[in-house]
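Colleague: Sequence:
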Amino acid sequence: MGKPRRIRSNSNSDTAPKIERKIIEKNRRTKMKNLYNQLVSLLPHQPSPVDGAPLPDQIDEAVEHIKGMTTKLEKLKQKRDLLLEKKKQLINNSCVTNIQNKATNNASSSSPLVEVQDMGPNLDVILANDLQNYTSFRDIVRLVHQHGVEIASASFARDGNSSIQVLHDKVVNPKPGFDGATITRKMKELACNKGASSMSEVVESDISLWDYEIDSKINWGFEIPEVLLPGLQEFMITMNKCVFGQSNNFVITDFGALADGITDSKEVNLEIDDISYYAWKNACQTPGGVVTVPAGETFLVSSGEFEGPCNGQTLFQMDGILVASEDLKLDDTEFWITFHKIDDLVLSGTGVFDGKGALSWSLCDRSSNCHHRPASLRIHDVTNAYIQGITSLNSKMFHFHIHNSQNVNVENIHITAPHDSPNTDGIHISNSRDVKIADTVIGTGDDCVSLGDGCANVNISGVACGPGHGISIGSLGKYSDEEDISGVTVMNCSLSNTSNGLRIKTWAPSKSSIVVSDITYADITLDNVTNPIIIDQHYCPHDECQKEGESSIQIKGVKYINVRGSSTTEEGIKVKCSKSNPCEDVEFSGVELNVNGNPAIASCSNVGGLFLESNPVCPNLLPLCIK
Numbered sequence: 001m002g003k004p005r006r007i008r009s010n011s012n013s014d015t016a017p018k019i020e021r022k023i024i025e026k027n028r029r030t031k032m033k034n035l036y037n038q039l040v041s042l043l044p045h046q047p048s049p050v051d052g053a054p055l056p057d058q059i060d061e062a063v064e065h066i067k068g069m070t071t072k073l074e075k076l077k078q079k080r081d082l083l084l085e086k087k088k089q090l091i092n093n094s095c096v097t098n099i100q101n102k103a104t105n106n107a108s109s110s111s112p113l114v115e116v117q118d119m120g121p122n123l124d125v126i127l128a129n130d131l132q133n134y135t136s137f138r139d140i141v142r143l144v145h146q147h148g149v150e151i152a153s154a155s156f157a158r159d160g161n162s163s164i165q166v167l168h169d170k171v172v173n174p175k176p177g178f179d180g181a182t183i184t185r186k187m188k189e190l191a192c193n194k195g196a197s198s199m200s201e202v203v204e205s206d207i208s209l210w211d212y213e214i215d216s217k218i219n220w221g222f223e224i225p226e227v228l229l230p231g232l233q234e235f236m237i238t239m240n241k242c243v244f245g246q247s248n249n250f251v252i253t254d255f256g257a258l259a260d261g262i263t264d265s266k267e268v269n270l271e272i273d274d275i276s277y278y279a280w281k282n283a284c285q286t287p288g289g290v291v292t293v294p295a296g297e298t299f300l301v302s303s304g305e306f307e308g309p310c311n312g313q314t315l316f317q318m319d320g321i322l323v324a325s326e327d328l329k330l331d332d333t334e335f336w337i338t339f340h341k342i343d344d345l346v347l348s349g350t351g352v353f354d355g356k357g358a359l360s361w362s363l364c365d366r367s368s369n370c371h372h373r374p375a376s377l378r379i380h381d382v383t384n385a386y387i388q389g390i391t392s393l394n395s396k397m398f399h400f401h402i403h404n405s406q407n408v409n410v411e412n413i414h415i416t417a418p419h420d421s422p423n424t425d426g427i428h429i430s431n432s433r434d435v436k437i438a439d440t441v442i443g444t445g446d447d448c449v450s451l452g453d454g455c456a457n458v459n460i461s462g463v464a465c466g467p468g469h470g471i472s473i474g475s476l477g478k479y480s481d482e483e484d485i486s487g488v489t490v491m492n493c494s495l496s497n498t499s500n501g502l503r504i505k506t507w508a509p510s511k512s513s514i515v516v517s518d519i520t521y522a523d524i525t526l527d528n529v530t531n532p533i534i535i536d537q538h539y540c541p542h543d544e545c546q547k548e549g550e551s552s553i554q555i556k557g558v559k560y561i562n563v564r565g566s567s568t569t570e571e572g573i574k575v576k577c578s579k580s581n582p583c584e585d586v587e588f589s590g591v592e593l594n595v596n597g598n599p600a601i602a603s604c605s606n607v608g609g610l611f612l613e614s615n616p617v618c619p620n621l622l623p624l625c626i627k
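Under full-length UniProt numbering, think of the first position of the sequence shown as 1, with each following residue one higher.
Honestly, I wouldn't trust all of these hints.
Estimated spans, in silico, between C-beta atoms of each pair [what the hints assert, rightly or not]:
hint	residue 1	residue 2	range
1	His372	Glu307	17 to 27 Å
2	Thr489	Leu612	15 to 25 Å
3	Ser603	Thr383	35 to 45 Å
4	Ala438	Glu85	51 to 61 Å
5	Asn497	Gln313	50 to 60 Å
6	Ser325	Thr489	30 to 40 Å
7	Ile24	Ile66	25 to 35 Å
8	Pro418	Gln388	51 to 61 Å
List of simulated lysine-lysine pairs, DSBU-like, C-alpha gap at most 30 Å [said to hold, decoys possible]:
hint	residue 1	residue 2
9	Lys341	Lys356
10	Lys31	Lys79
11	Lys576	Lys478
12	Lys478	Lys556
13	Lys576	Lys559
14	Lys559	Lys574
15	Lys579	Lys559
16	Lys329	Lys559
17	Lys26	Lys75
Derived by calculation from the structure, the hints in this document are not laboratory data.
Just so we're clear, the structure is a prediction, and the values are computed from it rather than from any experiment.
Note that CB positions come from ideal geometry on N, CA and C, so glycine has one too.
Take these sequences, add in the hints, and give me the full structure.
Modeller: See below:
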C-alpha cells in the first residue's frame with residue numbers, strides 16, 4: 001500500500017493576502033509622500049538646504065509655517081472687520097450729513113435711503129423714508145419675498161414727516177444666484193427709482209468686499225428727527241433688541257401704525273393683514289409677550305384678528321385709541337377686533353375702542369331685516385382671559401361678545417353708546433362658562449349684559465347699568481340647536497333709567513326645548529326702571545312670530561333676593577310663563593318696588609313659586625314645584 005497522498009493548499013489562497021498587504025502598504029507610502037510634498041510646498045522658497053534636512057525637521061518647519069499663516073489670517077480678518085465698521089460709520093456719517101444739508105436747503109425730492117446688512121442667513125434692511133412714500137416699503141417687502149427671504153419681524157419709528165423702518169429677514173429658500181449684494185442693488189433701484197450710484201469718495205466701493213452701498217448724492221425732501229441724526233447704527237442696534245426678541249414688548253408704532261386717526265393702518269402695512277400683525281405675531285411667540293397701543297395716540301383700524309395659540313401668557317396693553325372705519329362695506333362682518341384660540345390672554349389698559357357706529361345705526365330700521373353689523377370686540381375660543389380698565393364706545397352692534405370661551409374675567413371697564421343705538425349690547429355671552437363681570441359701568445341702547453344659550457357659571461357683580469335694556473337672559477328659543485343655561489348669579493348691581501330691569505325672555509312658539517335653571521338675583525338697586533322684574537315667555541320682537549303656540553323652554557329655580565327700587569310702571573313684577581311648561585321654583589324674598597312712592601303691583605301667570613316679605617306679591621301662584 002503506497003504512502004498517502006499529501007493534500008497541498010491552493011497557491012492562490014496562500015499568496016493573495018500577501019499581495020493585498022503589499023498593495024495597501026504601497027498605496028499608504030504613496031499617499032504619505034504626496035502629503036509630505038504638499039506640506040513642504042507650503043514653505044516659502046529659501047536658499048537654505050531644506051532638502052538636505054532630516055525629514056522630521058522638514059515636517060516641523062512646515063507645521064510652524066502653517067501656524068504662522070493661520071495667525072496672519074486671523075489678523076487679516078480682524079483688520080477687515082475693523083475696516084468694515086469704519087466704512088459703515090463713514091457711510092452713515094456721510095448720509096446723515098447729506099440729509100442734514102438737504103433738509104436745511106429744503107430740498108423737494110423725497111427719495112428714500114436704504115441700508116442692508118448681510119449677516120449670513122439673515123439680512124437687516126433699514127429704510128429711511130418720507131411718511132407719504134410707502135410704495136418703497138411695499139416693494140422692498142415684495143422683493144424680499146421674491147428672493148426666498150422670510151420677514152422674521154419688522155420695526156417702525158416716526159417723528160414729524162419722517163420714518164425709519166427695520167426689517168429683520170431670514171433667508172429660507174433663496175432663489176438661484178442669491179447674494180446680499182444683488183438684493184441690495186435691487187432694493188436701491190426700487191427705492192430710488194434708479195440704479196445704484198457711486199459711493200462717497202471717502203470710502204472705496206469694492207462691491208465684492210462690501211455688501212451694500214449708499215448713494216451720498218440722494219436728494220431728501222424731509223427732515224430726519226434730530227434725535228436720530230447721531231447715528232442710524234445706534235438706532236439699528238436699539239431696534240434689534242426688538243427684532244431679535246431681546247425685548248418682550250412690541251409697540252404697534254414700531255410696526256407701521258400711524259397715530260393720526262385718519263390713515264388706515266392697513267394702508268401703512270400694505271402687505272400685512274392688520275396694523276399689529278407683526279407686533280401680535282412676535283408677542284404671541286414670545287413668553288410673556290406684550291403688544292402695546294401707546295397712550296396719547298389715535299389709530300384708524302379697519303379690522304384686527306389676533307390669533308393663537310401663543311407661547312404662554314400674552315398681554316394686549318391698550319392705552320391709546322383704536323378707531324373703527326365707517327366704511328359701510330365692512331358692516332357685513334362678524335367682528336371688528338377679535339381674539340381667537342388663545343390661552344392666558346390679558347387685555348388691559350386705559351385706552352378706548354371707538355366703534356364709530358352712528359352711520360350704521362342710522363341705516364338700521366329697527367326691524368328684523370336690520371343689516372348685520374360687526375361686534376366691536378369678540379373673545380372667541382379663549383381660555384383664561386382677564387380684561388380690565390378699557391373703554392368701548394359706540395359699537396356698531398355688540399360692544400363685547402364672549403363666545404365659546406372659559407374662565408373669562410372682565411373687571412372695571414366702561415361701555416358707552418346712546419340710549420337709542422340699536423342692538424348695542426354691552427357684553428353678550430354665549431356658549432361660555434366660568435365668566436365673571438365685575439365693577440363695570442355700562443350705558444347702551446340695548447342690554448347692558450345679555451346671556452345667550454349654552455352659558456354656565458356666570459357671575460355678574462358691581463355693574464352699574466343705564467341707560468339700556470337691563471340685564472337679560474335670552475332671547476331663547478329662536479334656534480333649534482340651543483343649549484341649556486344654568487348657574488347665573490347677578491348681585492350688587494344697580495340699574496337706572498333702563499327700559500327693563502332683570503329680564504328672562506323666550507320666544508313662543510320656540511324651536512328649542514332647553515332648560516334655564518339656578519338663576520339668582522341678589523342685592524339689586526333699581527331707579528326709575530320700566531319692567532323691573534320680568535319673565536316673558538311670549539317674547540316677539542317686531543311682531544314677527546306666529547300668533548299661536550307656547551314656549552317649550554323650561555324656567556326653574558329662579559330667586560329674587562333684596563331687589564329694591566322704583567318702577568316707572570304700575571306692574572313692578574311681570575311673570576308670564578308658558579302654559580305648556582310653567583315656570584317652577586320662582587322665589588321672591590325681600591323684594592320692594594314702588595311707583596312714585598306708592599307700592600307697585602305684580603302680575604303672574606303659569607308660575608309656581610312663593611313670596612317672602614315682599615311687596616308687591618302675586619295672589620295666583622301655582623305650587624312651588626309643578627309635577
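Colleague: If any of the earlier hints don't hold here, list their numbers in rising order.
Modeller: Checked against the structure, the hints that fail are numbers 5, 8, 10, 16, 17, while the rest are satisfied.
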